[in-house]
Amino acid sequence: MADVVAVIASTHHPFYYRASRATGDDRPPFADEWVAKIERFRETLTRASPDVLVMVGSDHFHQFWLDNMPQFLVGKAPFYDANWYNEEREFGLPKMRLAGDLDLSTHLLRNGIDAGFDLAFSNELRVDHSITCPIITLRPEADLPIVPIYTNIFAPPLPQPSRFVELGRTIRRLVESWPSGLRVAIIGTGHLSLELGGPRQFGPHGPDPDFDRKAVQWISSGDIEGCLAQVTLDSLHAPGNATHGFMDFMLMMGVAGEHVPADYVDSLDLFHTMEAYFTWYPTGAPR
Amino acid sequence: MSKYLLDKFLFTVDRDPELVERYRDDPAGTVAWWEEHLANRLLGCATFEASTGQAFNEQERQALSTHDYPTLFELGAHPFLTLTLFIAMFERDHDEPLGFQLEYAARLAHHSLPYPDIST
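These protein sequences, in sequence, are chains A and B. Counting in numbering that gives the first Met the number 0, the first sequence runs without a single skipped number right up to 286 at its last residue. Counting in numbering that gives the first Met the number 0, the second sequence runs without a single skipped number right up to 119 at its last residue.
Isolated chain A (complex conformation):
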């Protein structure tokens, strides 16, 4: 069976690519610290020596639209082109192409559906920055096959937070039952408090630093029960109007397991939103 050699949860900040490459007067004052933190975070994946990456993210109205909106979707394609014109325009993100792992996609779909998740699928999926930002930060060689899993954190009605946690638990179980000798890392990205297109956007910090502190505590300690007791679809409006992206962190808490503390925790208080990085090693920390 496959080994889950790393579980990684991260924010996906589309400004990182440009900020990390900027020079001279164009380089923002926070870039050096940000790059240093990302390089340390990247090492946590590199040390796990993965063969395949399961990538949990969310389409930002790129391929999925309100005339046909999946709640949870698994990519089932031999390759995934990546990034869209408006991401190149706004964030300077490059066009990319990532290989797929059809065998793992097929396994997750068949067994996920049988486990009670009526997963949608896509045979031709162009992924966006929720998938490519963690590739850029954690595996810039972009040389490993992926299975993208998309969640709807964007277009209400949304699934309940508990459903995200349960899907995470299911993904973990299914990857561990994949008849393969490969080493799999499960990586998911979301947001802490975040406001986009509202009055609290682009402030000097994330819109709700108190929520961010609580969120980092929930995630780093694996406090799923405490998190679920305080987070609802309604409550997530309060920290910022785009904070439903936090449910992808909750999904990753389900992957990592109840009361399993993260082996690596870091954060960076940026303008606009707080960055946060977590790694777990289910099979023990690599040497």
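In short, the hints are calculated from the structure, not lab data. Glycine residues also receive a C-beta, built at the ideal position from the N, C-alpha and C atoms. Accuracy of the hints is not assured; some may be wrong.
[Stated by the list, open to error] Okay, the calculated bits of chain B under chain A, using three or more residues with CB under 8 Å as the criterion: (1) 8 to 21; (2) 94 to 107.
[To be verified] Sample of chain A residues with no beta-carbon within 10 Å of chain B, all distances over it, derived: (3) N67; (4) R88; (5) G99; (6) P144; (7) N240.
Fit chain B to the supplied structure of chain A, relying on the hints for placement.
Positioned in the frame of chain A, the structure of chain B alone reads:
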């Protein structure tokens, strides 16, 4: 009221570089053209398989035709779509980094929770 159609306008314009420029330069003309030719287009289908009943009400048409993003926010247009398209059109007019984004926030500053419902 059709939040869906507002979102469909923002979505289809934002993903087309030519339409972004056209909407920036001629908002009223672009909205009129879009409502006549694209409002009923079933995306991803042959053009003759169109819908038949999509139309803006006057308030929605007016808000789009005047680049009035505070009113789009009040009408429940998806804030991510509005923000992304308006950054594409107007960030270039500001010298300071995030100048447009901060102006945008200030023009919405009179809103408190709960914000307008964005459910479609």
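Cross-check of the supplied hints:
no.: 1; hint: 8 to 21; verdict: holds (count 4)
no.: 2; hint: 94 to 107; verdict: holds (count 7)
no.: 3; hint: N67; verdict: violated, 8 Å
no.: 4; hint: R88; verdict: violated, 6 Å
no.: 5; hint: G99; verdict: holds, 22 Å
no.: 6; hint: P144; verdict: holds, 27 Å
no.: 7; hint: N240; verdict: violated, 6 Å
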